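Novice: Turn these sequences into a full structure, and let the hints steer you where they fit.
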Amino acid sequence: MPLVAIAHGFKGTRNSGGAEELSHRLAEAGYAAVRMDFNPRTAPKKDADKTNLYDLKSMEKDMLRAVNYMIGHHSIYTDRLGLYARSMGGRVAMTMANENSGGFDFKAMALVAPAGTDDAMVYYMGGDESWEEMKKTAREDGFIEHQGQMLTPEWFKEFEDYNPCDFGHKFDDKPVLVICNTLDYVVTDETSRKCAGAYKKQPGN
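One gets the working numbering by counting positions in the sequence shown from 1 and adding 1 to each.
Hints are computed from structural coordinates only; laboratory data are not their basis.
What you are looking at is a predicted structure, and each value in this text was computed from that prediction instead of being measured.
Even for Gly, the Cβ is constructed at its ideal location relative to N, Cα and C.
Accuracy of the hints is not assured; some may be wrong.
In silico DSSO-like links for lysine-lysine, alpha-carbon gap of 27 Å or less [to be verified]:
hint	residue 1	residue 2
1	171	62
2	51	62
3	51	136
4	195	62
5	12	46
6	171	58
7	58	108
8	12	195
9	62	136
10	108	51
11	62	47
12	158	62
13	158	51
14	195	108
15	201	108
16	47	12
17	58	195
18	47	136
19	137	58
20	12	158
21	46	58
22	51	137
23	47	137
24	62	46
25	62	175
26	137	108
27	12	137
Derived CB-CB ranges, DEER-like [stated by the list, open to error]:
hint	residue 1	residue 2	range
28	78	48	34 to 40 Å
29	51	190	30 to 36 Å
30	161	54	15 to 21 Å
31	50	155	17 to 23 Å
32	138	31	47 to 53 Å
33	38	80	25 to 31 Å
34	140	2	41 to 47 Å
35	43	171	35 to 41 Å
36	25	73	18 to 24 Å
37	163	131	36 to 42 Å
38	140	19	35 to 41 Å
39	151	198	44 to 50 Å
40	130	80	18 to 24 Å
Specialist: What follows is the structure in C-alpha cells.
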C-alpha cells in the first residue's frame, strides 16, 4: 500500500482537525495512514502524564519513527510515501519533503494552513516584541509556558534557523496541495499563500 503520514499542529492531537476521519477514508481507498501525538509522556504507561514539551526536531523524529514502523510491520510501498499536515505540523512536513528527511523520497504533500513561513509563529505569539520577550524568558528560565506547552530556547531557535519556504524548490516537480483556512486565527490566509508560493513552479500544484 502507499502510505500517508499525518501530522497535527501546535497543541493538537492525532485525532484533531479531522485526522481520524481522514485516516479511515484513506484506508477505504486503499492507502495506509499513520498518525501520532507529538506530546511525549513521563513514563511508558497508558495513563502517564503528558510532558507538554516538544519541538520541531522531535516532531520530525516521531514522524520518521511512525513511517519506519509502518514499513517494518506492513506491506508499504517505500517509493510511494506522502505527507499530510496542519499548522505547525505543516512546517515539519515541508521540512521533511524539502530535505528528504530520513532518506525518504516523499512523492506528494498536502498542507492545511501550514505555519511554514519565517514569521508564522511570530505572528501567533503576538508579534516581534512578544516573541523576543518570550525568547528571553525561555533562555533565562529554561522554558516558557504558553497555552499549556513548554517552549524551550531550542524551540525558538528552530523556527529562526530554517524557513521551509526558502527551500521549496528542493521538492523537485512533485505535487503539493495547500489549503487555506480563512477562519484560522493562528495561520493566516496570507501565510498559507506564501507557503503555496514556495512550490508554485512545480507542475500539478
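Novice: Confirm or reject each hint.
Specialist: Hints and how they fare:
1. 171 x 62: holds, 20 Å
2. 51 x 62: Given pair residue 51, residue 62 holds - Cα atoms ~18 Å apart, limit 27 Å.
3. 51 x 136: Holds: residue 51 and residue 136 sit about 23 Å apart, inside 27 Å.
4. 195 x 62: It holds: about 26 Å lies between the C-alpha atoms, which stays within 27 Å.
5. 12 x 46: The given pair, whose Cα atoms are some 21 Å apart, holds under the 27 Å limit.
6. 171 x 58: holds, 19 Å
7. 58 x 108: holds, 21 Å
8. 12 x 195: holds, 23 Å
9. 62 x 136: holds, 24 Å
10. 108 x 51: violated, 33 Å
11. 62 x 47: holds, 21 Å
12. 158 x 62: holds, 17 Å
13. 158 x 51: holds, 23 Å
14. 195 x 108: holds, 21 Å
15. 201 x 108: Roughly 16 Å separates the two Cα atoms, so the pair holds.
16. 47 x 12: Status holds; Cα separation ~19 Å.
17. 58 x 195: holds, 23 Å
18. 47 x 136: violated, 33 Å
19. 137 x 58: Roughly 21 Å separates the two Cα atoms, so the pair holds.
20. 12 x 158: With Cα atoms ~19 Å apart, residue 12 and residue 158 stay inside 27 Å; holds.
21. 46 x 58: This hinted pair holds, its Cα atoms lying about 23 Å apart.
22. 51 x 137: Since the Cα atoms of residue 51 and residue 137 sit roughly 25 Å apart, the hinted pair holds (cutoff 27 Å).
23. 47 x 137: Measuring from Cα to Cα gives roughly 35 Å; hence the hint is violated.
24. 62 x 46: holds, 20 Å
25. 62 x 175: Status holds; Cα separation ~23 Å.
26. 137 x 108: violated, 40 Å
27. 12 x 137: Holds, at roughly 22 Å.
28. 78 x 48: 34 to 40 Å: holds, 36 Å
29. 51 x 190: 30 to 36 Å: For residue 190 against residue 51, whose Cβ atoms are near 31 Å apart, the range 30 to 36 Å holds.
30. 161 x 54: 15 to 21 Å: holds, 19 Å
31. 50 x 155: 17 to 23 Å: Holds - the Cβ-Cβ distance for residue 50 and residue 155, about 22 Å, lies within 17 to 23 Å.
32. 138 x 31: 47 to 53 Å: The hint (47 to 53 Å, Cβ to Cβ) holds, given that residue 138 and residue 31 are roughly 49 Å apart.
33. 38 x 80: 25 to 31 Å: holds, 28 Å
34. 140 x 2: 41 to 47 Å: holds, 45 Å
35. 43 x 171: 35 to 41 Å: Taking Cβ atoms as reference, residue 43 and residue 171 lie about 37 Å apart, which means the hint holds.
36. 25 x 73: 18 to 24 Å: Once the Cβ atoms are compared, 23 Å apart, the range 18 to 24 Å for residue 73 and residue 25 holds.
37. 163 x 131: 36 to 42 Å: Check failed, 21 Å falls outside 36 to 42 Å.
38. 140 x 19: 35 to 41 Å: holds, 37 Å
39. 151 x 198: 44 to 50 Å: At 33 Å between Cβs, range violated.
40. 130 x 80: 18 to 24 Å: violated, 47 Å
The structure shown violates the earlier hints numbered 10, 18, 23, 26, 37, 39 and 40.
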